[in-house]
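There are 2 protein chains.
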Amino acid sequence: MTGQVRTVDGRVAGRRGQATRQKLLECLSEMLSTHPYRDVKVIDVARMAGTSPATFYQYFPDVEGAVLELAEEMAKEGTTLTDLVAGRNWVGKPAYAAAEDLVDGFLTFWRKNDAILRVVDLGAAEGDKRFYKIRMKILNAVTNSLTDSIKELQSKGKVDKTVSPAAMAGSLVVMLAAAAAHQKGFQSWGVKQAELKPNLALLVHLGVTGKKPTK
Amino acid sequence: MTGQVRTVDGRVAGRRGQATRQKLLECLSEMLSTHPYRDVKVIDVARMAGTSPATFYQYFPDVEGAVLELAEEMAKEGTTLTDLVAGRNWVGKPAYAAAEDLVDGFLTFWRKNDAILRVVDLGAAEGDKRFYKIRMKILNAVTNSLTDSIKELQSKGKVDKTVSPAAMAGSLVVMLAAAAAHQKGFQSWGVKQAELKPNLALLVHLGVTGKKPTK
DNA sequence: AAGGTAAACTGACGGCATGACAGGACAAGT
DNA sequence: ACTTGTCCTGTCATGCCGTCAGTTTACCTT
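Chains as they are written, first to last, in UniProt numbering: chain A, 1 to 215; chain B, 1 to 215.
Derived by calculation from the structure, the hints in this document are not laboratory data.
Be aware that one or more of the hints could be misleading.
Since the list can't tell identical chains apart, any single copy or any two copies may satisfy a pair.
Claimed, not checked - Calculated pairs, EDC-like style, for lysine to aspartate or glutamate (alpha carbon to alpha carbon, straight line, at most 20 Å):
(1) K211 x D160
(2) K192 x D160
(3) K161 x E100
(4) K192 x D148
(5) K129 x D39
(6) K197 x D160
(7) K184 x D128
(8) K151 x E195
(9) K112 x E73
(10) K192 x E100
(11) K41 x E64
(12) K129 x E195
(13) K161 x E195
(14) K137 x D114
(15) K212 x D160
(16) K41 x D62
(17) K161 x D128
(18) K212 x D39
Use the sequences and the hints to build the structure in full.
In structure tokens:
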């Protein structure tokens, strides 16, 4: 579609403009990683980028608008998460490997983008449709894929008919997202990273296949 | 301990003072339910409470400080969640009922306090220890209880030794919290409330006992 | 009831973020 | 060098933040 980068007042941005715009986004990202969302101010981001607040407002309506921009970028990258599920075999021994890979990929992706994902999560929970949509875009990739896998197992009679594939897939994906977001939280329960992964994988396996993995 | 309510500058608050303080908290709570966290301003809360910003700052250091107050209150109430797990029988048919009750209680509690829990979640994810502690207080009640249940099943040989009780309990609780926080999100996957609950209960059952529920 | 004291509240102020605008700096082509 | 369109910044009005000095209110003592 319209791949044109535009300023707030409708001008098309040239090379130099795009560069500063990008720099502002980078600084914002940095800022989000090191300061509470509520305290991220336009003036700080602008200063960090070596420019003025007025410039910031040329490219973004406000902080939220800029965060949405970052989130969109991330969402594009996030659709590659589908590869973790699509075309996997959920029967027998390969099933557990699939579960492990899914958990691993998910945790890695979340850790890499945790600062933005925090804000996206908040915005979505607050009912902001724009953030909500982005969150869906990321999670849908995995959820739909998982849903299909469960449906297939069901049609083969390998999974109980009472299970709702979408609800189960959604629950699992939501669990992974939350576990990823609060990875540090587990430490205070005396749970080490290394312990967490296999248990999440076990739960994913149990949820999808309904059975314990065959070792 | 010191049950004294104090102002920021150290005075002990009297009857009238406590009343306005309480009113401010109520208005803040209302504000959090209807506006994005980032946009909640002291002046708006004060206006809604029919007082001035200066009064607000007599009782709370800032918006965050007041939210912590609200969260503490909620956390006290939240420890009753333990009752949903403690003393439950996780063998045979009663196990599924236990899982159902846990899911139901959790979702209800979360929905009732969603506005504050959103902020607590954000604060915790951002690494703020105060919010983190409150989140733990609520989740620990359930997690520790679940952990014990799993340990017990393990000692009886009913659950695989490779399972880490704490990691499993933590994963399940985190899943419930996330599912509760994004209840609306499931609708766009075509999942109805009524479908979600039994599937969550099934996952809890699978996670704790390692087996499908006996109907 | 008068007077005293601590509590409760407010008006006002300096400081800072926001957001709009107009004008100057810059790059690229002629 | 000149023109043109893009890009950036100085400046300003507005509004919120957070503090303080000072006023009003409630309560207690005598």
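So, going through the hints one by one against the coordinates:
1. K211 x D160: Both ways: K211 and D160 sit 11 Å apart in one copy and 13 Å across, limit 20 Å.
2. K192 x D160: between (33 Å within a copy, 19 Å between copies)
3. K161 x E100: between (25 Å within a copy, 19 Å between copies)
4. K192 x D148: Classified as between; 18 Å across copies, 32 Å inside a copy.
5. K129 x D39: between (23 Å within a copy, 17 Å between copies)
6. K197 x D160: For K197 and D160, the Cα distance is within 20 Å only across copies (16 Å; inside one copy 26 Å).
7. K184 x D128: Result: close only across copies, 12 Å inter versus 27 Å intra.
8. K151 x E195: between (30 Å within a copy, 15 Å between copies)
9. K112 x E73: For K112 and E73, the Cα distance is within 20 Å only inside one copy (13 Å; across copies 34 Å).
10. K192 x E100: within (16 Å within a copy, 29 Å between copies)
11. K41 x E64: both (11 Å within a copy, 16 Å between copies)
12. K129 x E195: Result: close neither inside a copy nor across copies, 36 Å intra and 23 Å inter.
13. K161 x E195: between (32 Å within a copy, 13 Å between copies)
14. K137 x D114: within (16 Å within a copy, 23 Å between copies)
15. K212 x D160: both (14 Å within a copy, 10 Å between copies)
16. K41 x D62: both (10 Å within a copy, 17 Å between copies)
17. K161 x D128: Neither: 35 Å inside a copy, 44 Å across copies.
18. K212 x D39: Answer is neither: 46 Å inside a copy and 47 Å across each miss the 20 Å cutoff.
Checked against the numbered hints given earlier, this structure breaks hints 12, 17 and 18; the rest are met.
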